[in-house]
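Protein chains: 2
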Amino acid sequence: MTDYSVTDLNARLTHMAELAKAARAITLPLYADDMDVINKADGDDYDPVTNADIEGERTMRTLITAVFPHDSIEGEELPDITGQNDWLWTLDPIDGTRGFVAGIPVWSTLIAVSYKGQPVLGLIDVAAQDKQFWGAPDKAWLLQGGVETELKTRDCGGDIRNAILGCTEPLAMLKPDELSAYNTIRRKARFSRLGLDAYGYGQVAAGRMDVIIESLLKPCDVRALMPVIEGAGGKVTNWEGGSAVDGGRVVAVGDAALLPEIYRDLQQAADV
Amino acid sequence: MTDYSVTDLNARLTHMAELAKAARAITLPLYADDMDVINKADGDDYDPVTNADIEGERTMRTLITAVFPHDSIEGEELPDITGQNDWLWTLDPIDGTRGFVAGIPVWSTLIAVSYKGQPVLGLIDVAAQDKQFWGAPDKAWLLQGGVETELKTRDCGGDIRNAILGCTEPLAMLKPDELSAYNTIRRKARFSRLGLDAYGYGQVAAGRMDVIIESLLKPCDVRALMPVIEGAGGKVTNWEGGSAVDGGRVVAVGDAALLPEIYRDLQQAADV
Numbered sequence: 015m016t017d018y019s020v021t022d023l024n025a026r027l028t029h030m031a032e033l034a035k036a037a038r039a040i041t042l043p044l045y046a047d048d049m050d051v052i053n054k055a056d057g058d059d060y061d062p063v064t065n066a067d068i069e070g071e072r073t074m075r076t077l078i079t080a081v082f083p084h085d086s087i088e089g090e091e092l093p094d095i096t097g098q099n100d101w102l103w104t105l106d107p108i109d110g111t112r113g114f115v116a117g118i119p120v121w122s123t124l125i126a127v128s129y130k131g132q133p134v135l136g137l138i139d140v141a142a143q144d145k146q147f148w149g150a151p152d153k154a155w156l157l158q159g160g161v162e163t164e165l166k167t168r169d170c171g172g173d174i175r176n177a178i179l180g181c182t183e184p185l186a187m188l189k190p191d192e193l194s195a196y197n198t199i200r201r202k203a204r205f206s207r208l209g210l211d212a213y214g215y216g217q218v219a220a221g222r223m224d225v226i227i228e229s230l231l232k233p234c235d236v237r238a239l240m241p242v243i244e245g246a247g248g249k250v251t252n253w254e255g256g257s258a259v260d261g262g263r264v265v266a267v268g269d270a271a272l273l274p275e276i277y278r279d280l281q282q283a284a285d286v
Numbered sequence: 015m016t017d018y019s020v021t022d023l024n025a026r027l028t029h030m031a032e033l034a035k036a037a038r039a040i041t042l043p044l045y046a047d048d049m050d051v052i053n054k055a056d057g058d059d060y061d062p063v064t065n066a067d068i069e070g071e072r073t074m075r076t077l078i079t080a081v082f083p084h085d086s087i088e089g090e091e092l093p094d095i096t097g098q099n100d101w102l103w104t105l106d107p108i109d110g111t112r113g114f115v116a117g118i119p120v121w122s123t124l125i126a127v128s129y130k131g132q133p134v135l136g137l138i139d140v141a142a143q144d145k146q147f148w149g150a151p152d153k154a155w156l157l158q159g160g161v162e163t164e165l166k167t168r169d170c171g172g173d174i175r176n177a178i179l180g181c182t183e184p185l186a187m188l189k190p191d192e193l194s195a196y197n198t199i200r201r202k203a204r205f206s207r208l209g210l211d212a213y214g215y216g217q218v219a220a221g222r223m224d225v226i227i228e229s230l231l232k233p234c235d236v237r238a239l240m241p242v243i244e245g246a247g248g249k250v251t252n253w254e255g256g257s258a259v260d261g262g263r264v265v266a267v268g269d270a271a272l273l274p275e276i277y278r279d280l281q282q283a284a285d286v
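Residue numbers (our numbering), protein chains in the order written: chain R, 15 to 286; chain V, 15 to 286.
Here chain R stands alone, though its shape is the one from the complex (with noise of 0.2 Å):
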């Protein structure tokens, strides 16, 4: 699996930047001027948002291509890419589309990069606080404002009392016996945390949070996240335990202590 040659992994984190700020170049227009761009749109018409998103992965994947035309890309708005290499490359231009809508800063520009079909690199790119949760193997820094720091998670001793937990939407996410698994697991930690996205497993990288939670993720929600999280010492798995590269149910740890607790409670819901 780690069989790549660094200088291609190199090349790609480089690139990953330039993504980013083109991503960048189209989101947060719209996101700066959503009173008057998203409100004209009605009800259920999400079309400004939808067409940024579309967009800027359309941009990407051009970039993509010019510099690395044998890798595989897939992303969340257009089809997948089949390419000649192992490299794939996974985007979601703004994960988080409800919380850019609703004027929420936590959303972000998602880009992983897998290699043998394991990410090896991710950026969450929180673009309206200026914020990039970056992931390599076996190190993980968040670049604010041009400087660099080391992202590390935090030792909770193994103790659930001690986690700040996570859930983008519990309610809506959790079938009913998936609600009650979490809610035990809620009950016992120091507080929950809601509608972060991307963006609360940026804080779990970063020591500030320690357990999300969640379910119905899409492999374009999650690929980015992995490398950030482990480079960090951290955790993500699906909530048997098992590879969490596909989404579904995951769960994300910045102290695997506590995971054995966390899949006894997780148990309660069916299937798992």
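Note that these hints are calculated values from the structure, not bench results.
Some clues are possibly wrong.
For chains that are exact copies, the list does not tell them apart, and a pair is met inside one copy or across any two.
[What the hints assert, rightly or not] Below, computed lysine-lysine pairings styled on DSS-like, alpha-carbon distance capped at 30 Å:
| hint | residue 1 | residue 2 |
| --- | --- | --- |
| 1 | Lys232 | Lys130 |
| 2 | Lys35 | Lys130 |
| 3 | Lys35 | Lys202 |
| 4 | Lys249 | Lys232 |
| 5 | Lys249 | Lys189 |
With chain R's structure known, arrange chain V on it following the hints.
Below, chain V alone, put in the same frame as chain R:
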């Protein structure tokens, strides 16, 4: 109720900006520095944040007393001061302490001025986003980066299906019967967005969200929000349609035509 002098009102409005500035000087460095300072507090110990909260309130009280020595003052952290006139200041230096601790830029400083028990001036100062939501009789405005824009709530055509709903933490805030009433409304709404504390009310005033339904609010959580939302064209009441001034179970809407259906659905909860 509205027999105050406009000069007296404006003097307090001007002074509110000084209070917010003083509070920012205490809160923002701690928030920016948070990775180091806050993480040094173990487990349940929120000391640095609690200290900033108390210090912020003490500083604001000193500023009030220096200029308006006969006004009453109440706050989240310190005992009430009973004054000798009809003006009352209500202070919450850090609304959304949990968001502050978790590093989410939606916490705010809340400042309300009431006359004869009725909030007439309100400020939601979202320091980490440099956004101030201001409310005064018959008007509300956003001050961001030195630029003032009018706040105006959004018309939903009286249809909850057009509405973006918010609640800070439904699972922790609402009892089972209340949660069930909330869920009835959530399922009809366009979508829900959680974890926002007072910032969600600001977004209702800005026409970016439409309904907030919460419970267990303290007077200092709600009084600053009322002039902002009402000055922007919305309405804040308790779940029974009465005054929200004492907190408790609160509903805020941008479009008052949504209220009859919301009250009907909330009647599923006991004692409504």
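- Message: Tell me the numbers of any earlier hints that the structure contravenes, in ascending order.
- Response: Violated: hint 3 alone.
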